[in-house]
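K.L.:
Required output: the full structure, derived from the provided sequences and hints.
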Amino acid sequence: MSSRDLVLMTAPLREDFTIPCHEIGPMAPPVVSFVSGLHGDEINGIYILARLADFLKSVESGAYPKLRLVQRVLIIPAVNVLGANTLRRAWPFDQSDQNRMFPGNQMGETTQRIAYTVLEATKKSTYRVDLHSSNLYFEELPQVRIYDPTPEEQENARLFGLSAIMERSVSPVFTTTLMYSWKYWPGQNFLLQVGQAGSIQLPHCQQVFRGLVSFLGRIGVLEGVEVAEADQEALYFTRECSVRIYADRAGMFVSDKNLGGWVTKGQELGYIYDSFNGNVRTKVVAPAAGLLTGIRRQPMLFEGDLLVRICTKGG
Amino acid sequence: MPESSLSISTSCILSLEMPYSEQLCIRRTVYRGGDGPRAAIVAGIHGDELEGLYVCQLLADWLEQLGRDNPAGLAGTVELYPAMNPLGLDTLTRAIPVFDTDLNRNFPGGSSGDLPKRIAHAAMENLAGAALVIDIHASNIYLREIPQVRINTDFADSLVPMAQRLNLDLIWLHGAMTVLEATIAHSLNSIGTPCLVVEMGVGMRITPDYCRQLMSGILTLWKDLGVLAPDVELPPLNHLPLIADDSNVHYLNAPTSGLFVPVIEHWADVRKGQLLGNIVSPLQGGVLAEVRSPVDGILFTLREYPLVYEGSLMARVMARKGRLS
Ligand SMILES: [Zn+2]
Ligand SMILES: [Zn+2]
Chain A
0 MSSRDLVLMT APLREDFTIP CHEIGPMAPP VVSFVSGLHG DEINGIYILA
50 RLADFLKSVE SGAYPKLRLV QRVLIIPAVN VLGANTLRRA WPFDQSDQNR
100 MFPGNQMGET TQRIAYTVLE ATKKSTYRVD LHSSNLYFEE LPQVRIYDPT
150 PEEQENARLF GLSAIMERSV SPVFTTTLMY SWKYWPGQNF LLQVGQAGSI
200 QLPHCQQVFR GLVSFLGRIG VLEGVEVAEA DQEALYFTRE CSVRIYADRA
250 GMFVSDKNLG GWVTKGQELG YIYDSFNGNV RTKVVAPAAG LLTGIRRQPM
300 LFEGDLLVRI CTKGG
Chain B
0 MPESSLSIST SCILSLEMPY SEQLCIRRTV YRGGDGPRAA IVAGIHGDEL
50 EGLYVCQLLA DWLEQLGRDN PAGLAGTVEL YPAMNPLGLD TLTRAIPVFD
100 TDLNRNFPGG SSGDLPKRIA HAAMENLAGA ALVIDIHASN IYLREIPQVR
150 INTDFADSLV PMAQRLNLDL IWLHGAMTVL EATIAHSLNS IGTPCLVVEM
200 GVGMRITPDY CRQLMSGILT LWKDLGVLAP DVELPPLNHL PLIADDSNVH
250 YLNAPTSGLF VPVIEHWADV RKGQLLGNIV SPLQGGVLAE VRSPVDGILF
300 TLREYPLVYE GSLMARVMAR KGRLS
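Protein sequence lines, in the order shown, are assigned to chains A and B.
In case it helps, numbering that gives the first Met the number 0 puts the first sequence at residues 0 to 314.
In case it helps, numbering that gives the first Met the number 0 puts the second sequence at residues 0 to 324.
If you're looking for bench data, these hints aren't it; they were derived computationally from the structure.
Accuracy of the hints is not assured; some may be wrong.
[Unchecked claim] The following label-pair restraints were derived from C-beta to C-beta distances:
{"#": "1", "chain 1": "B", "residue 1": "Gly-191", "chain 2": "A", "residue 2": "Leu-7", "range": "47 to 55 Å"}
{"#": "2", "chain 1": "B", "residue 1": "Glu-232", "chain 2": "A", "residue 2": "Asn-278", "range": "33 to 41 Å"}
{"#": "3", "chain 1": "B", "residue 1": "Pro-229", "chain 2": "A", "residue 2": "Glu-239", "range": "52 to 60 Å"}
{"#": "4", "chain 1": "A", "residue 1": "Glu-239", "chain 2": "B", "residue 2": "Leu-233", "range": "24 to 32 Å"}
[Said to hold, decoys possible] Here are some, though not all, of the chain A residues that point toward chain B, as calculated from beta-carbon distances under 7 Å:
{"#": "5", "residue": "Met-8"}
{"#": "6", "residue": "Thr-9"}
{"#": "7", "residue": "Ala-288"}
{"#": "8", "residue": "Asp-304"}
Model, not experiment: these values are computed from the prediction.
Ideal Cβ placement from N, Cα and C applies to all residues, glycine included.
P.N.:
Shown next, in the form of structure tokens:
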């Protein structure tokens, strides 16, 4: 069996619900665990992991003669199953955030029980990867986030071959996240932030899919992967080299910029319009040169909303 | 003899442009009497909680009456903030719409930044230094609560004596480990402005009896603090709080999914093993699970919203521990 149900729970008015997962590779505890869809509207991660499961199953069945899966991989494409089916970020039934329920409790609330099971299934893997997608408003350049990283995590974050690695400190505000709970266990933890919630941005997904395959190749779980040298360049950004632009006025933010490009200081990035009379209120310009790593896609602005994030070089 | 007067004014503590044409304003009404201490009531932090709005209305009426009958009775200042999350109230959303964030996890906030941070900051700026702030919540739409004060044990010494005068039925002490640091109460108490959190009733509803009960307690406390003059006549106190903490509160989580139908009134004495309700199946009929009290005690939380999933909280029972002397 390569698929099983992590959680089996009764539902009041329909069939019982489950959180299914894939276990692919030789029979052994999984060396790598991939988790996505803790937030039900973050579809990029669900798509990427579902495709990864399909790919690894093909590898296992011999469809790629050069590739061999030598260690077991656990994949949970969507933890918030009900949210994924109803396009809700939170757990639909009580609006709780599934990623604020860790480490969970076997006898507690529904989402605490789910959290407990997900943590139990993944905590002993050597490598643990959690995929997210910002929210409905903001698009993120595919990036690896590492939290108060160990030297191994700093080194191995490059193995995904993504163009940006962001170092963050573990905030005490987020003690109830999966990432925080993982940090208690031996092993390495990575959070991939991919695009924007609510839809699929295919180029981002393709890039991250290739990144996951490269990662599995480089850590020796998937043998036979050829890695292009150009893939290995990654820019390493500490918290300090992140420059954020906030809206100085309310209105409508419109930009024609794509993520992943380099901008120069003073370059025009978009406009804030008065959304009633159409006047330009603010021309938004880059305050520094750097890589465009995040941009607001939902145009309706309150004063103070985050518009753009630029990562400066050499941080 | 100085001329006594009571002035009433309403103003915005934060005014902010919205994306399309409108202006957002967080309103408060100030009742200014003498030079005595200042007290404030905060409500509507969660957009689906209305009990505190009604308490504000009752207090506003009472203060207006006081202004007519005995204007010198207001020895200090009273501020009412009935709607800290006006967009949530507009849209029947617990969180702040668009930002999808719980306002009560954004304190102390900041003067720049996004809307939730600005509201939190404006609230802190205006409330700091008050003799007492009472933040009124209404549980949520799922659970009905008896009128209670929740206090973090870090601040118990100064807050419990005040909470005992609030005419409520329960004081629930929470351990320091379960503190939600980003709440308005924690932020105010941390800077030395006492803040009591009241939870009562249920979301999206008002329970007029609870609101009147709390109003008597608030007026009593205001008189204790000198916000009201000693000669002001108040409705009597008729409730004494029980004490709950981690040692005597028992949680009843649903063992299976279904429709929870209580067979007992909220806020009743129960015996160990007594039937509190059943989880029944709308699909096949019949009882899926019986819900029984784990201890002799008092049922102080009861599920109001009947659908339950495995794990959903249905009730809390408190073993009796006596009253504070
Ligand atoms: Zn997420
Ligand atoms: Zn509340």
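K.L.:
Is 24 to 32 Å a correct range for the gap between the Cβ atoms of Glu-239(A) and Leu-233(B)?
P.N.:
violated (57 Å)
K.L.:
Measuring from the C-beta of Ala-288(A) to each C-beta in chain B, is the shortest one below 7 Å?
P.N.:
violated (24 Å)
K.L.:
A range of 52 to 60 Å was offered for this pair. Does it hold for the Cβ distance of Pro-229(B) and Glu-239(A)?
P.N.:
holds (58 Å)
K.L.:
Is 33 to 41 Å right for how far apart the beta carbons of Glu-232(B) and Asn-278(A) are?
P.N.:
Since the Cβ atoms of Glu-232(B) and Asn-278(A) sit about 58 Å apart, the hinted range of 33 to 41 Å is violated.
K.L.:
Does Thr-9(A) pass the interface check with chain B, least Cβ-Cβ distance below 7 Å?
P.N.:
holds (4 Å)
K.L.:
Gly-191(B) and Leu-7(A), beta-carbon distance inside 47 to 55 Å?
P.N.:
With a Cβ separation near 51 Å, Gly-191(B) and Leu-7(A) satisfy 47 to 55 Å, so the hint holds.
K.L.:
Take the shortest C-beta to C-beta distance between Met-8(A) and chain B; is it under 7 Å?
P.N.:
holds (5 Å)
K.L.:
Report holds or violated for the interface hint on Asp-304(A), using the least CB-CB distance to chain B and a cut-off of 7 Å.
P.N.:
holds (6 Å)
Consistency note: the structure conflicts with the earlier hints numbered 2, 4 and 7.
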